[in-house]
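Undergrad: Sequence:
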Amino acid sequence: MNKVNKAALAERIAEKVGVSKKEAEDMIAAFVDVVMKTLQRDGSVTIAGFGAFSAKTRAGRTGVNPQNPTEKIQIPPVTVPKFKAGKALKDCLKKKKSISEHTEMNTPSSI
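Residue 103 in numbering that gives the first Met the number 0 sits at position 104 of the sequence shown, and the numbers go up by one each step.
Since the hints were made in silico from the structure, they are not lab data.
A hint or two may mislead.
Claimed, not checked - Simulated restraints on C-beta separations:
no.	residue 1	residue 2	range
1	Lys55	Ala87	31 to 39 Å
2	Ala87	Asp25	25 to 33 Å
3	Asp32	Thr56	21 to 29 Å
What the hints assert, rightly or not - Derived BS3-like pairs (lysine-lysine); straight-line CA-CA distance at most 27 Å:
no.	residue 1	residue 2
4	Lys86	Lys71
5	Lys2	Lys83
6	Lys2	Lys86
7	Lys71	Lys2
8	Lys21	Lys36
9	Lys94	Lys81
10	Lys86	Lys55
11	Lys55	Lys36
12	Lys15	Lys71
13	Lys83	Lys36
14	Lys71	Lys5
15	Lys89	Lys2
16	Lys83	Lys55
17	Lys94	Lys36
18	Lys89	Lys55
19	Lys20	Lys2
Every residue, glycine too, gets a C-beta built ideally from N, C-alpha and C.
Whole structure, please, built from the sequences with the hints as guidance.
TA: Written out as structure tokens, the structure reads:
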């Protein structure tokens, strides 16, 4: 399993775009900030082919207290983030990986 954390993502973006790692980290921070502030204002962020970030309000409901299963509790409505994958991302994940694709994905120049 190949995991990429924020620092590794910044490093890969820096290599791919030809900027410093610090500039790539700033780009990631700016992206996260824009998405979060847009969702706070009930907006959405769509990146064609990749996907769409949005906020959804989950309705309040009656639940069960896990410490006392006979007791019912009210769970209030809550706003949660939502991501809907775009067609290109879905298609990318549907394809079976060939050995050459797998090797290509693990090179530093690909993200």
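Undergrad: Of all the hints given earlier, name the ones this structure violates by number, lowest first.
TA: 1, 4, 7, 12, 14, 17
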